[in-house]
Amino acid sequence: MKTRSCLALCAVTLATPAFAQTTETRLSADVSSSLGYSNNPFATIGSDTGAGFVQVDIRPQLRILRERSALTISADANVQQYFNRYNRSDNYSGGVDYNFVPAEYVRGHLNASVQSSLIGSTNDLANRFATVQQPGTVPSTDIGPAPVDPINMLPVNTGTDIGLFGLGARRRTINGGGDVSATLSARDVVTGSAFVINSKFSNSGSTGVIASALGDYTGYGGTVGYSRQITGYVQGGLQGSAAKYDYEMVGGDTTVYSVQATTTARINEYWTLNGALGVSFINREIGGSTAALSGSLAMCRRGIRVNYCINANRAVLPTGAIGTQVSTSVGGSYAYRITERSNINASADYSKNSTPSGVGGIVTPVALSNEYLRATIGYDRQLRQRLRLISSVNYRKIFGGSFIGGNVIGTSTRRPSDFGGLIGVAVRLGDIR
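Residue numbers 0 to 432, in numbering that gives the first Met the number 0, belong to the letters of the sequence shown in order.
What the hints contain is simulated information worked out from the structure, not anything from laboratory work.
Hints may be right or wrong, so weigh each one.
[Said to hold, decoys possible] Cβ pair distances, simulated, as ranges:
id: 1; residue 1: Leu382; residue 2: Tyr91; range: 25 to 31 Å
id: 2; residue 1: Phe280; residue 2: Asn86; range: 43 to 49 Å
id: 3; residue 1: Val55; residue 2: Val249; range: 39 to 45 Å
id: 4; residue 1: Ser201; residue 2: Ala241; range: 55 to 61 Å
All C-beta atoms in this analysis are idealised placements derived from N, C-alpha and C, irrespective of residue type, glycine included.
Construct the complete structure from the given sequences, taking the supplied hints into account.
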């Protein structure tokens, strides 16, 4: 009996270090402070809308890495305090992301997040540009090589709510979801995903006249897909999805079914191409049934010093007023490593949200058709191991359709363009990787 106890104790003692070696914890926080100016920070109508501001951004992150899983817990608090004309603009987010490999040929992913932001503000989470990775790096989950899966299973389930810019509305969103991929053979992969989202809107500005037009909603749905390796560098497949958006306001409920053909190709050691093209069948409570072209395209070049991507997307997305819209966007991003310590990056995109056909007079008064153009150029330089200089110049413009603002309905959307920039410093606390 004593011998068995000793053997068991030795086994536990030997196993503990082995397990500890496969677990790595990384705790860090990026903190930045900057001074800036915006010519129209909330996309409002008026002849004198510019203001300077001081901005503080805090982004803590905890990562727990194991051989077959990676857990990331992160948050972001961004506050802009204006020197004149406006009060404070604060936007917050937090989330949990979990990647895991339960079996040799199966990969899974779960995520949940919460966001609260002022729609249309310069620091609105939806207005932040997607950045390409720094040259010399490749995407990684820290749990082995990237999966051979051309299909992006995380659905785009919320747009930028362009039609609500300038109203002082705040959006609070809670969402969650997951996806799984299974390799059936050396050539075949099947995938599946599901999501749920809840968005609530509150009017924190002086435009209470349109508060009743803001539509809280809950959405849920899923996607299934299949892909096959056609050649050594090309994959093709099909995916189908279904989504349901339930609005608290009358007339907004929408069901969307989509079918798309997908492909991915590695053109050479630098270039990759991912694309999907198909049709979405839309059934709205008001407006009836329609069909719309849907799809996405991402063409990227990743090199030692230069990375850039061209992106396009067309999908049916929920908005905060009168149900869903067909959203079309196209854009690009660029990053160049000037030296080992300095980088330059640029982004630009154009978006258009189209009013559903057949909705007619119900939607016309709230004027949801809008177009949005934005661009930014940034420069950063490492001053110390943990300290960086950050700077950027920005431009954005809303045009097309009509606008609800102040106490006037149907006013022209001609509002001042938003241009400006910021300069500051950023410091990394904790783990520097």
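Against the structure, the hints:
no.: 1; hint: Leu382 to Tyr91: 25 to 31 Å; verdict: 28 Å, holds
no.: 2; hint: Phe280 to Asn86: 43 to 49 Å; verdict: 45 Å, holds
no.: 3; hint: Val55 to Val249: 39 to 45 Å; verdict: 42 Å, holds
no.: 4; hint: Ser201 to Ala241: 55 to 61 Å; verdict: 30 Å, violated
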